Amino acid sequence: MGGKLYRHHLFWPVTVLGALLLFNLIYSPDFFSLVIRGGNLYGSLIDILNFGAPLILVSIGMTLVIATGGIDLSVGSIVAISGAMACLTISKGTDQSSFLLVIGAVGASIILSVVLGMWNGALVTITRIQPIIATLILMVAGRGIAQLITSGQIITVSNSNYEYIGAGSLAALPFSIFIVAAALLIASLLTRRTAIGLFIESVGSNPEASRLAGLRSKTVILTVYIFCGLCAGVAGLILSSNVSSADGNNAGLWYELDAILAVVIGGTSLNGGRFYLMGTVIGALIIQTLTTTIYMIGVPPEITLVVKAFVVLAVCLIQSEAFRKTLITRWKKRNYPAEQEVTRHA
Amino acid sequence: MHTPLLQMTGITKRFPGVKALSNVDFRLFPGEVHALMGENGAGKSTLIKVLTGVYSIDEGTVRIDDRTVTIAGPLEAQKAGISTVYQEVNLCPNLTVAENVFIGREPRRFGRIQWKKMNEDAKQLLKERLNLSIDVTLPLHAYSVAIQQLIAIARALSISAKVLILDEPTSSLDQNEVQQLFGIMRKLKSDGLAILFVTHFLDQVYEMSDRITVLRNGELEGEYMAAELPRIELVLKMIGKDLKLLEELPKLSEEAGEAAGTMMINASALGRKGAIKPFDLEIRKGEVVGLAGLLGSGRTEIARLLFGVDRPDEGKLLVADSGSTVKSPRNAIDLGIAFCSENRKTEGIIDDLTVRENIILALQATKGWSRPLSRKKQDEIAEQYIKMLNINPPNPEHLIKNLSGGNQQKVLLARWLLTEPDLLILDEPTRGIDIGAKAEIQKLVLSLAKQGMSVLFISSEMEEVIRVSDRVAVLRDRMKVKELSSSEINQKEIMQAMAGG
Chain D
1 MGGKLYRHHL FWPVTVLGAL LLFNLIYSPD FFSLVIRGGN LYGSLIDILN
51 FGAPLILVSI GMTLVIATGG IDLSVGSIVA ISGAMACLTI SKGTDQSSFL
101 LVIGAVGASI ILSVVLGMWN GALVTITRIQ PIIATLILMV AGRGIAQLIT
151 SGQIITVSNS NYEYIGAGSL AALPFSIFIV AAALLIASLL TRRTAIGLFI
201 ESVGSNPEAS RLAGLRSKTV ILTVYIFCGL CAGVAGLILS SNVSSADGNN
251 AGLWYELDAI LAVVIGGTSL NGGRFYLMGT VIGALIIQTL TTTIYMIGVP
301 PEITLVVKAF VVLAVCLIQS EAFRKTLITR WKKRNYPAEQ EVTRHA
Chain L
1 MHTPLLQMTG ITKRFPGVKA LSNVDFRLFP GEVHALMGEN GAGKSTLIKV
51 LTGVYSIDEG TVRIDDRTVT IAGPLEAQKA GISTVYQEVN LCPNLTVAEN
101 VFIGREPRRF GRIQWKKMNE DAKQLLKERL NLSIDVTLPL HAYSVAIQQL
151 IAIARALSIS AKVLILDEPT SSLDQNEVQQ LFGIMRKLKS DGLAILFVTH
201 FLDQVYEMSD RITVLRNGEL EGEYMAAELP RIELVLKMIG KDLKLLEELP
251 KLSEEAGEAA GTMMINASAL GRKGAIKPFD LEIRKGEVVG LAGLLGSGRT
301 EIARLLFGVD RPDEGKLLVA DSGSTVKSPR NAIDLGIAFC SENRKTEGII
351 DDLTVRENII LALQATKGWS RPLSRKKQDE IAEQYIKMLN INPPNPEHLI
401 KNLSGGNQQK VLLARWLLTE PDLLILDEPT RGIDIGAKAE IQKLVLSLAK
451 QGMSVLFISS EMEEVIRVSD RVAVLRDRMK VKELSSSEIN QKEIMQAMAG
501 G
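Protein sequences appear in the order of chains D and L. Note that full-length UniProt numbering has the first sequence beginning at 1, numbered continuously upward. Note that full-length UniProt numbering has the second sequence beginning at 1, numbered continuously upward.
Dumping the calculated DSSO-like pairs for lysine-lysine here, alpha-carbon to alpha-carbon at most 30 angstroms:
(1) L:Lys377 with L:Lys367
(2) L:Lys273 with D:Lys218
(3) L:Lys327 with D:Lys218
(4) D:Lys218 with L:Lys367
Stretch-level coverage of chain D by chain L, calculated; a stretch enters the list once three of its residues show a Cβ under 8 angstroms from a Cβ in chain L:
(5) 190 to 199
(6) 203 to 216
Quick caveat, the hints were computed from the structure, so don't treat them as lab data. Remember, predicted model here, so these are calculated numbers, not experimental data. Note that the Cβ used here is the ideal one computed from N, Cα and C, for glycine as well.
This is chain D alone, in the form it adopts within the complex (with noise of 0.2 angstroms):
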């Protein structure tokens, strides 16, 4: 029974999240409490849920684009580009506190991010550009787009309504974590209760034998490149809404970077096939847990990006099988690269 739950391929991702948390409370003790204040929660937890929900946002959406064999590079653009159309439809609104205006906004970046997806799932399947190249386009061209919708400003904004969305609280929680968990309920019914997800791995895992079973592969890897811009638009969303502002220079810089690495941390493989939702979602809360703990602990700034280079890098080797072998065969001194792959999924 141990065996399985150490073979169990959220062990890692889990035990990970676990150390972490653990250390905040040997830390600071008071790490896990939770105050009601005004009848909403608070406390560190709450914190990193809430500032984490953009991250796991795209991460999900990134998920499914690295489990088709791909990647998307374009989604910290996406980004900015939806708070920053978001913001400009409410600033260019007669009546800043509508409640109509809000919904035309929110409708407005979410067409936008799905025509970004589309263009991309587009440059993958009907150009054949490497998807890499594809999204990378975009990821450049999209900051100039995001300047070019704020005129290279900064829009700042003042709806309550909109505010909602990354700021309000429903059931004493961060509105935003209900954003989170209906995507994530939607990504996984549609990959595990209908045969989207069996689409999925089975063009990741060998592209040209899902073509001859009889799949359309490209219709599978547009709809991932639109429903990943659509996770990156409602996160720009979030993102924008939290702070009232658009900012097309600096909103989800690096997002694509810490979501490709949540993907990874999750499990699933950049060579495409099998995908964990599940796993991606506490790889992205480790990403957000490790940054809260940084701060926390008074790290100086100049040197954050250094430690959280060293933690992710040990929480990389702890999880690849490989070099846990290696260490444990250090005293063996032998190595059977083939008969891992073997026996790993046996």
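Position chain L against the provided structure of chain D, taking the given hints into account.
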């Protein structure tokens, strides 16, 4: 009598849930060709992988030249003088031929690779030892699988080997290439090399080998001198059951007789540049049409056109019932056509998925994403086909990449049978499959035809084509040269048409 060069004693190898080898002895003498025989899953591949250091040994010892050795990796195996050429070419397709031959052992001076010398050496090696004159500076993928196989052998030869392991080296070679390879093997044998030869072709076993070791279910069945072991005995030992299954076969094909159903698919002057010259082919309902021809004669190319994998650039293809043509594989499946590719690794199995998922994939693709088969239904289907086709291990949740080649083939067959096609295109369905499974598949084809399914049967084993086909189309040099009706089918006719002249 001389002493064995290689002696393996009491070899046991376990995988989670499977005992792949138990207490197997095996030895190789210098200057001998030793055939390793057994059905799929008998442990041949595992034994070879243990010998080449890909897998570790759980119990038992390996002695080379009377010294106990531990082979902990492919590199150490090479150092111990053991070289292997695997069934599926294990080279890098995007590197040049010369790079492939000398990879890891490039001639260097001051750390810099001497490209000129490497290319010349490679050229000379191929010329002298394999009689092969090709441009060694082209990437490997520019050459056919057969040539790639020979290059793999050249690579093995260039490493000073005492033991050469040939794992199904002939399965993708045509007759001439096989003879060329055998010539090389004889030469190497007389040089004192010990050759371990694995093949499914009985003819080749008896043509080449001096000694035969038979494995069954991971256990040693026995070691025999080839000259003293009649074929029928060998087969009996391999499958470990009586021969009824094989004897039944000729009878079945007679019963099948001439099918005179209505038209299923009709190709007229269908052709594609560089693949197949324009050909006419008609397949009727309930008919088994065989495609005979040497490797590269255009068999697979025809299948790919009929299934819409490649687009024809001339001619017409008509599917009778719908009156439409085939535009893509998806479209072909909708029109009731199924295609079981010969390249099961690249065009067949989905590595990361389980046996169950691989089986239901095509059916699910037909139903679309929004109407998933329930898990219960999937389990039922998987169980049914695993039983029907005798897929081993009989666990639907096993990842398909861990199955042996023959069992992967059966899973693919299951995938297509499940779609209940009107026309089933089988491209080399029995390649690399043991005799028992071969007979099962042939039997299945015939019974399906009886139920009204049309089958296009492609195989390089002529006996097999003759056995199952109502009609045989013969191909030569990417051209359809002859069509034989059931009364005309015989080996001589086909052979003549295939060879031409």
